[in-house]
Amino acid sequence: MINPKQLPIHEAHNLLKSKQISSVELTKAALARIQAVEPKVRALMTVTEEHALLAATHADKRIADGDCRPLTGIPAVMKDLLCTKGIRTTCSSKMLENFVPPYNATVIEKLYAEGMVLVGKANMDEFAMGSSTENSAFYPTYNPWDLGRVPGGSSGGAAAAVAAGESIYALGTDTGGSIRQPAGFCSITGLKPTYGRVSRYGAIAFASSLDQIGPMTQDVEDAAIVLNAISGHDKHDPTSVPCEVPDYTKVLGKSIKGMKLGIPREYFVDGMQPEAASVIRAAITKLEELGAHIDWDVSLPSTPCALAVYYIIAPSEASANLARFDGVRYGFSYNGAVSMWETLEKTRQFGFGPEVKRRIMLGTYALSAGYYDAYYLKAQKVRTVIRQEFDNAFDKYDALITPTSPTVPFKIGEKMDDLMTLYLSDVCTMPVNIAGIPAISIPAGFVDGLPVGLQIIAKSFAEETILRIAHAYEQSTGWQQRRAEL
Amino acid sequence: MKLDREEVLHIAALAKLGMAEEDIALFGTQLSNILENFDILNKVDTVNVPPTAQPNSLCNVMREDQVTRSLPPSDVLANAPHRDGEFFRIHAVLE
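Protein chains in written order, with the numbering used here: chain L, 35 to 520; chain F, 4 to 98.
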């Protein structure tokens, strides 16, 4: 009996390569698992069963021909804002409920070329705006560790699908923490690469200077394998950086002895759950035992400004990006208006959910005449200050270690009425997007059975440093082997 | 900073976002609350600090202007809510 929830990519690959299992068997096991747990977890928007079985058959042929790459024949789910040709891509919005993209995102093309078996598209906060997946226009996703709690967001469906064993890995996107925070909440590994490391072509844009696609996996080795497959320059995305992609698996297993790690005190925010802080301190002590030099008293003084910078820049960019939803070329269109302008306004009124409208309004305000300098320009300048503080820190430290979130997963509905508290759940992850640098969240333990994530941050294009530290920690603790019981 | 009804309607018009009556008051309150949290930025001295628009060093990325194949019209129009042959159909812009 194949159990996809206990089978990371590297182990599944060995079984496929040695022909102990076939991709069709593995895919059927994933589909069976989806059928069994999806009514409880609701991680997926679409299950692509037929497509998956066909892809698995192709993968088996490829493997029989001796072409078994690390991801060939392995089932995956993709966050439902990554365009998949011929497969509905909704952004969990009424606006795109029936949208079928005419092309694939570059990351999807790359994974298909490696032999991915796409088993489904994952639920998310509408247009990636949220931290709990409760903003999906269709239904919330439930945390596999406690079905009364949120899985985090916005890539909450992707995180829950991996944690529940519905998929061996997933891709998510991260604009202010949307890979790392749900990875932390679901006790999986989630990596936000450097801005420009992975092409964003075909990812439906939220905030273009912050968005980045990344792996959500069962362990660190898997994150390295997926990053190998999706990284690199793409002529379709001029913000993707034309620099060489290393083999990210090569650093795994290297000692972290002598590495210098800084602990920025501002990340242990007021209101942080003390039990979660203890888990993080214990994780840092473990890194020290593994030979790293820890500086417990680093300061990045502008960190408390990151929330304001983020909630000006991200909505401003979103207000421009979401102007394309006009009911003309694709998506929902309001019927019954008498003019073009009324159609446009009503399409957007009824097609977007409340959080999306709130952010469009906020961004439009910040960019409007009379307020641009006070909000948008000011935020861009403070963005420079935040980046410089990170740059200075990375002159002294190989990486910074922080919590991924200030709390364990909260209850469904608990924060829906209090916007600022909800926004604060990304307070440890947003500065990373503002600076454009890479960071990972890995499982660091539990508080009363609920997951706590550890964040490792490094300078631009230092994903190898992050993976090396994350792997050393993971291998010495084994938290990644714990699985949610459903 | 308190957003009044008129300002909410002005922003909604700029964003081409239709507003239900109850949303006008709700957004006014919610956006005002969020804006209060932005005051913290005024504490940061940014007099000689240049703005950052995006975080990597790429700037003005150019490419050759080459003719390439684009998507066939049938694909481009496949998601159109209202189409007329090879055209998107909308209400008249100019009466």
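Check before you lean on any hint, since a few could be wrong.
Within a straight-line C-alpha distance of at most 16 Å, the following computed EDC-like cross-link-like pairs (lysine to aspartate or glutamate) qualify [unchecked claim]:
hint, chain 1, residue 1, chain 2, residue 2
1, L, Lys-415, F, Glu-10
2, L, Lys-269, L, Glu-143
3, F, Lys-19, L, Glu-143
4, L, Lys-415, F, Asp-26
5, F, Lys-19, L, Asp-360
6, L, Lys-445, L, Glu-498
7, L, Lys-294, L, Glu-376
8, L, Lys-119, F, Asp-48
9, L, Lys-380, F, Asp-42
If we take Cβ atoms under 10 Å as the criterion, some of the chain F residues that face chain L in the derived model are [what the hints assert, rightly or not]:
hint, residue
10, Lys-5
11, Asp-7
12, Asp-26
13, Ala-28
14, Ile-43
15, Pro-58
16, Asn-59
17, Val-70
Because the hints were derived from the structure by calculation, they are not lab data. As the structure is a computational prediction, the values presented were derived from the model and not from experiment. Backbone N, C-alpha and C define an ideal beta-carbon position, used for all residues, glycine too.
Going down the list of hints, with the structure as the test:
1. A threshold of 16 Å between alpha carbons decides the hint, and for L:Lys-415 with F:Glu-10 the separation of about 26 Å lies outside it, so the pair is violated.
2. Only pairs whose Cα atoms come within 16 Å are accepted, and L:Lys-269 paired with L:Glu-143 is accepted, the gap being roughly 14 Å.
3. Under the criterion of a C-alpha separation no larger than 16 Å, the hint pairing F:Lys-19 with L:Glu-143 is inconsistent with the structure, at around 35 Å.
4. Between L:Lys-415 and F:Asp-26, the direct Cα distance comes to roughly 32 Å. Violation of the 16 Å bound is thereby established for this hinted pair.
5. Restraint check for F:Lys-19 and L:Asp-360: satisfied, since their Cα atoms lie roughly 9 Å apart, inside the 16 Å limit.
6. The suggested pairing of L:Lys-445 with L:Glu-498 is violated, with an alpha-carbon distance near 35 Å, which exceeds 16 Å.
7. Taking the CA atoms of L:Lys-294 and L:Glu-376, the gap is about 59 Å. The hint is violated against a cut of 16 Å.
8. Proposed proximity of L:Lys-119 and F:Asp-48 is contradicted: the alpha carbons are some 48 Å apart, above 16 Å.
9. With a C-alpha separation of about 33 Å, the suggested pair L:Lys-380 and F:Asp-42 falls outside the 16 Å cut-off, and the hint is violated.
10. Proximity of F:Lys-5 to chain L is violated relative to the hint, the smallest CB-CB distance being about 13 Å (cut-off 10 Å).
11. Annotation: F:Asp-7 was flagged as interfacial toward chain L, and the flag is violated, the nearest CB pair being 13 Å apart, outside 10 Å.
12. Because the beta carbon of F:Asp-26 sits about 8 Å from the nearest beta carbon in chain L, less than 10 Å, this interface hint is met.
13. The restraint placing F:Ala-28 at the interface with chain L is violated, with a minimum CB-CB distance near 13 Å, outside the 10 Å limit.
14. Hint status for F:Ile-43: holds, given a least beta-carbon distance of 5 Å to chain L, under 10 Å.
15. With its C-beta approaching chain L no nearer than about 2 Å, F:Pro-58 sits inside the 10 Å limit, and its interface hint holds.
16. Hint status for F:Asn-59 relative to chain L: holds, with the closest Cβ pair at about 4 Å, below 10 Å.
17. Restraint check, F:Val-70 versus chain L: the minimum CB separation of about 15 Å is more than 10 Å; hint violated.
The structure does not agree with the numbered hints 1, 3, 4, 6, 7, 8, 9, 10, 11, 13, 17 stated previously, though it agrees with the rest.
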